[in-house]
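*Asks:* Turn these sequences into a full structure, and let the hints guide you.
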Amino acid sequence: MERRDRGGGSSSRNPHGAPVEEEEELEDDFDEFRLPMSHRPTENLETEGLEQASVDTQLTSSNVGFRLLQKMGWKGKGLGKNEQGITEPIKAGIRDAKLGVGKQEQDDFFTSEDNVQRRKLNIELEETEEHIKKREVCNRTLIP
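Residue numbers (full-length UniProt numbering): 1 to 144.
Worth flagging that the hints you see were computed from the coordinates, not collected in a lab.
Do not take every clue at face value.
Said to hold, decoys possible - Taking lysine-lysine and the DSS-like style, the derived pairs with C-alpha atoms no more than 25 angstroms apart in a straight line are:
#1 Lys98 <-> Lys81
#2 Lys103 <-> Lys71
#3 Lys77 <-> Lys91
#4 Lys81 <-> Lys71
#5 Lys81 <-> Lys91
#6 Lys75 <-> Lys91
Please read all numbers here as calculations on a predicted model, not as lab measurements.
*Replies:* In structure tokens, the structure reads:
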């Protein structure tokens, strides 16, 4: 099967068919409009009338999720066949968005106070074993 050049000379093209030079020019033009990832708006941000989401406050009947649950038959009672289950929402922890799934749990484990204290104790034990070995070596050399 024969491939045909669709014109445009010898300039290279990106997968979408646009010449690479044009794409690079567009990238340069967009750079002046880009903000850093850490940027937070400080001006012209209307926050009055916005309600902070919280699991500590009851959902109002105007909430879309609340209405959806009611349409599905939920009456505000416990979940399960005998309504013995939980009624409170499950609280989600705060996690770093840059970490992968499960990484935050691993970091929390290694930085928890119990593990840090245990690591300190293990280091002390290793140091005492080293001291014991040094003393034994010193004692052997001193005893004729």
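*Asks:* Indicate, hint by hint, whether the structure satisfies it.
*Replies:* Okay, the hints, checked on the actual structure:
no. : hint             : in the structure
1   : Lys98 <-> Lys81  : 39 angstroms, violated
2   : Lys103 <-> Lys71 : 37 angstroms, violated
3   : Lys77 <-> Lys91  : 18 angstroms, holds
4   : Lys81 <-> Lys71  : 18 angstroms, holds
5   : Lys81 <-> Lys91  : 23 angstroms, holds
6   : Lys75 <-> Lys91  : 21 angstroms, holds
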